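K.L.:
Sequences listed follow chains A and B, in order.
With my numbering, letter number 262 in the first sequence gets 262, and the count goes up by one each step, no holes.
With my numbering, letter number 194 in the second sequence gets 1194, and the count goes up by one each step, no holes.
Please note that a few of the clues may not be correct.
As the list claims (entries may be wrong) - Residues from chain B shown here face chain A by an in silico Cβ test under 7 Å; the list is partial:
hint	residue
1	Arg1045
2	Thr1058
3	Val1124
Unchecked claim - Away from chain B, derived, C-beta distances all over 12 Å, residues of chain A:
hint	residue
4	Lys221
5	Gly314
6	His364
Calculated from the structure, these hints are not laboratory results.
Quick caveat: nothing in here was measured; it's all calculated off a predicted structure.
Beta carbons are placed, not taken as given, at the ideal position from N, Cα and C, and that holds for glycine.
So the chains spell out like this:
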Amino acid sequence: MQSDTLPRPNAFRAIGQTIVLNTVVNRLDAWARNRDWAKVGTRAWARNIRLGWAWDQDGFATNVFAHPYHGSLYFNTGRASGLSFLESAPIAMFGSWSWEYFCETERPSLNDFLLSSFGGVTLGEMFHRIGETIRDNTATGLHRTFRELAAMPFDPMGGLNRLFRGKWKRLGINPAEHDPKAYVLRVGVGGRFARRLVNDSMARMGTFVGDLSYGDAFAGKYRTPFDVFSIRLIVNSQGGLNALNGSGRLYGRALSDSLSHIRHQFAVNQRYDYVNNPAQSFGGVSVEAGIDSRWRLGARRDGFGIRTALFGDGIILGAIDAPGTGTGLRDYDFGPGAGVRWEAGLDRHGARFFTLLGRVAYIHTASGGAADHLVNVSTLELAIPVTHRVGIAVQTSIFDRESHYTNRPPDKRDYPEGRFMLVWTKGASTP
Amino acid sequence: MKHALALMTLVLLCPRPALPQHLPTPERHRRGLWGEFGFGPGYVRIACSGCTDVVGTTGGTSYLRIGGVISRNVVIGFELFSLLDNAFGFTPQDSAGATAETGTAAIIILWYPGRHGLYFKGGVGAAFGQFSIPADSGSGGTVVADTSTGGGMGLTFGVGWDIAISRKFALTANAASFVTALGDVVTGNRHVDDVIASMYNISIGLTIR
């Protein structure tokens, strides 16, 4: 087996690819899409440097989903060039900063920089690892090509780098990220029932939910950032992408013996949240620290267990809908904040059968209406196995928010929803 | 040409001093609990949503850092940074006696790429700002000031160099930028939306490491 399927570290290549990426996207916007904001030149650059940061008025999906995804491309030019997680993070920041100052005629947007940088790092590392898991340097033929193509939507920069360097067909060893040792993939399709989505009547629609748990916090020692992460995607038949939430372990330290019945671990996680539907828009980037615990039930190490989590959250930049109060065309606020997350559930091999989850987040507006927002999300999820891999899942949640403005009455709303789905679960674990 | 080839051959064949097999372990830049404080001149640029231009001026800056060590080349810390401008206020039209104080409280990472004292800094945290502008005289001839405070988020990036003066102490030179997003600021009858203060400073500090 050859080992040259793995890239050698090259920071200059990553920086160069970031500049090329920005230039190509900017020229496509300017020449093919005729966007005025993309028609930059030395005059726009000088103005941007002179005036500095501002907040922009783009839509919620553009700012809180598209920009972090764009940031993940910058980050993955670093990963595709052999750089580590920590070495690739500044590449995401450089890509975002250079785009804001040199690729738009509008003033550099602070919210874009923060969401593209921190959201880009979070999504980028997850997508990089998902891509490496899908790709297989030991595979051959059509199977190999199919895997390379399947990884492209997650990690296009990694895929293109491999294509141009002739690695789509070359045999070799796989990187460590290819095999997370433990994982659980669960996908479900079914119906979604939501009240107050548009009005007080019950809205019914189709829904798809995908959950991936990569690695297991209790399967081994902490190795590298994001060696354990979880990501959830929700797509509805009405409105399309509804939610994308991800959390990756930046650092972990065991607080108890690995053979103990009750195990605790201190962890620091980097989070990305995006929830967007007609009733609520909430998202942002944050870092949380707290304790993960697993309470083994019975004598078997690979048997059932109860998992709990208690985390405190520092929200670097949050975004929340605030109709009629945002800045200009924008109908949502930006601001930093703090929060708490708690969770309890029953699992086996990392696959959850029952989960209770609560999250409280406070956001103080730094751009938009002068306000303080309090968000409370409570979730109950149940998965009942029918066969080895197929089961039925019931998920309910209540999103409750309270906003206090300095110059208008408070806004209190709640929004309940339920999902009833057929789920398919696949996983592997190392006890 | 012959002379050049002969010279190259001589250089290639010339015995070179052997490299040491075991390089001395580099000294850690900072150990255990470390602290640092310093001051220097700064420049602040204040912008807001809907503003067609920005205003800027100079002021004095000071900072305090305390932290621990993650690895040989990376340290983590908490930084308090403040810039006080006492001749400028909030806009150039504000009279003398106006003050604007902006600052950040951030978690910072210092990365030392090599054995020397050069480091790069990045951090994120909370920001605060207080703007005080003399207004009409109050009763008894006292000067009343319109004061407004704002809070939000702060970012910082920078570069610095630790110059060791002993095993325990170092002089530290810094150049840094700070972005503080403060939200709306209201002074008197003025309402300014989404204020962002960008600060740049150079400073010299004393590090206990």
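K.L.:
Each hint should be assessed against the structure and marked as holding or not.
P.N.:
Quick rundown of the hints versus the structure:
no.	hint	result
1	Arg1045	holds (6 Å)
2	Thr1058	violated (16 Å)
3	Val1124	holds (6 Å)
4	Lys221	holds (16 Å)
5	Gly314	violated (8 Å)
6	His364	violated (6 Å)
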